[in-house]
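Participant: Sequence:
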Amino acid sequence: MAENSEDRLDETFKSFTDDELNTHDFQINQKLEVIEQKIARLKAQKAQLLKWKDTIQSVRTQRRTNQQTERGWDDESHAWSAKARETLKEVFGLSSFRPQQLQTINALMSGNDVLLLAPTGGGKSLCFQLPALISEGITLVISPLISLMEDQVWSMQKLGIEARMLCSSSEKADVNEIHKMLASVNQKPSLKLLYVTPERMAKSKRFMTALQKCYTHGHLDRFAIDEVHCCSQWGHDFRPDYKFLGVLKEMFPKAPLIGVTATATTKVITDVQKMLNIPEALVFVATFNRPNLYYHVMEKPQEKQEQYEFLSDLLLNRFRQQSGIIYTYSMKDAVDISTELRKRDLRVAPYHATLEAVDRTKIHQLWHKNELQAVVATIAFGMGINKSDVRFVIHHTLSKSLENYYQESGRAGRDGQRAECILLYHFSDIFRISTMSFAEHTGLQNVYAMVEYCINVSDCRRMIISRYFSEVWGADGCAGMCDRCANREQAPHPTVDILGHFGQLKRVLAKASMQQMKLTGLRLVDAWLHKGPTFLRLSEPPPPYERVIAEQVVAFLIINQHLKESFTYTPYATLSYLTLGLPIVGSTLTVRLGKHFNLPSVEEIPRTSPVENPAMRTSQTNGTKKRSLPTETSSKTKKTKSPAKKGNNDATATNAAKRAKKASEKDDGRITSTAANDEANAIPATVADGTISSTGAKTVDTEADKGEEVDDDVIILSQREEIIEIDGD
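Counting in the UniProt record's numbering, the sequence shown runs from 1 upward without gaps.
None of these hints come from the bench; they were simulated from the model. Glycine included, every Cβ here is placed at the ideal spot set by N, Cα and C. Not one of these hints is a red herring.
Only pairs whose alpha carbons sit at most 27 Å apart, straight line, appear in this in silico DSS-like list of lysine-lysine:
1. Lys274 - Lys203
2. Lys343 - Lys369
3. Lys243 - Lys213
4. Lys43 - Lys564
5. Lys158 - Lys362
6. Lys531 - Lys304
7. Lys564 - Lys38
8. Lys46 - Lys506
9. Lys362 - Lys387
10. Lys369 - Lys332
11. Lys83 - Lys188
12. Lys213 - Lys254
13. Lys53 - Lys43
14. Lys387 - Lys332
15. Lys158 - Lys89
16. Lys188 - Lys254
17. Lys531 - Lys564
18. Lys254 - Lys274
19. Lys274 - Lys51
20. Lys564 - Lys51
21. Lys249 - Lys213
22. Lys387 - Lys369
23. Lys172 - Lys158
24. Lys518 - Lys531
25. Lys43 - Lys506
26. Lys254 - Lys205
27. Lys205 - Lys172
28. Lys31 - Lys511
29. Lys387 - Lys158
30. Lys213 - Lys180
What follows is a set of in silico ranges between Cβ atoms, one per label pair, in the way DEER data are often shown:
31. Lys531 - Gly503: 18 to 28 Å
32. Gly93 - Phe438: 38 to 48 Å
33. Lys51 - Gly93: 38 to 48 Å
34. Gln561 - Asp74: 39 to 49 Å
35. Ala82 - Glu489: 46 to 56 Å
36. Glu36 - Glu489: 37 to 47 Å
37. Leu580 - Asp10: 25 to 35 Å
38. Arg60 - His24: 49 to 59 Å
39. Glu489 - Glu356: 49 to 59 Å
40. Leu529 - Gly93: 53 to 63 Å
Can you build the whole structure from these sequences, using the hints too?
Facilitator: Next up, the structure:
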């Protein structure tokens, strides 16, 4: 029947004239447009309902947290309280607990399953390390990175705590010794903390057999899962082997479990509870607000030499003799930027996954001792960093997600003193990141949330972050500590007619389609601005904007799915092309878009006190001696080119002449003397050279070192020569 119906319809259309076919085609397109608009409305309604659902869940979580506090988890009348306080002071050198630490420890010691959300540097690790010391058995810590495990094991051993780790590079004798210790029947093990990767839990039957014996004999006290957001498919660092951890509550039902993370949305926490089979887990949430961090987004100069000059100006002037991190997209970027900055006599070094472990360790040590001003790094650098005096974190490129950005920028200002988080944004970077992330679950969604953070010219940066993490902050939560709030008195950015521009861009895409062409984001903007091939240009005048505003219009349409990225593989790269997405619902759509503000002078940024930020209190230094950056008197000071080009200048560049004069009278922090150059030789040759990877081959621009952070065969940090501040994270 269906075939006969299709045949009759086919014959009917064949009998139509061209005009009749055009008429029917037009009518069908109209009906399809109506259906598409209905779908768009329903999707918008669904998105809004899901946001409300997340908010409701967040409120419930916060209420449960408040209820736990009211239940007395924050008092010190428990049987273990005196010992916990003594251990805090005598072993960790701390005089007081940070927010949610005491509650978490008490709940865990009472046998409850616990999830703790606290910011980077908030002392999450202390919440399972301290209970391990005041208990008789073993605490098993599951951690995603060998670098992080090694750093924490080293820190614990320096404090005289029996801690070990098992990984793919462990010696066979060590593995056998630990297995024997776990399976011991009569003697309680002296081991307090054992660190393993989720891969070992999932794939080593021998280890799991020993662990079951340890549990049966009453020697296994608890499980601690570091970076617990890796359990969730909604998390920004999802690890498949974390799924195996769902069996822990079945195999070891009486062993309480604690999961800690610095970055997890309400959806992620709910997913983690389901996956780990801990629906009744107590959830403690410390505020994500870091009031001592100043957030700023700037337009990245288009030319690479301008970028290098801009970065060198920041390090030579604004951040002279201050410690920091520059995050990059790829290994090639890290090497190139480091090489260019070293040419300008700056004390920096690249850090990425293909460096030999000994080289990475050396760079880490030099940076910790302030013999390097900055590390130019991929995301391979970060886990386990306990350096408290980081005064700046510069992102040369977008992060893959707001979770990543929050965590990476959060490595600044852990001493509670003022620090700056600067992100350099460029339209083309959207596609560098999206082509790397689109295959991941929620990958594009995470990237677009990051883009929205960058192009939003109306909202406080902190408010954008708080909304993302479903946390409610008051209007006074920023106090001028972001570029948006610091410039509230300036005239607001003009509104832009998105609906009208969307119509123009659709016509450009239609012209390209007629020519069987695909347009990248950059080429679409070119055609819209009447650049590039003439056959793609519209008859009407181009929009009356600078290119940066036109790019923001296209970016807005992409992150709101009105323009859609389509990805194509080639033998050398993954390419992103733009196609039409959802129609715009309604008769008008205007938003505020505009250029980013210049950096204010350092004096214009509000000063914060460590007392105002109790979550970031610094631990006592257990013998750590702080050193400032090395200085050398320069006989001749080079003039630094100002990066003030095309509206992308640093506000401090306006005083460049004065600074240059001062710099000629006193040290500018660069390497100029023989002694300083001798010190540079302490950096591994393959690193100082800036062109050779650990394999001896020139580095290539890979997709942001994809997969480097899950390499279980790489030990990033080796035993260090001196103790670094332990702040419990």
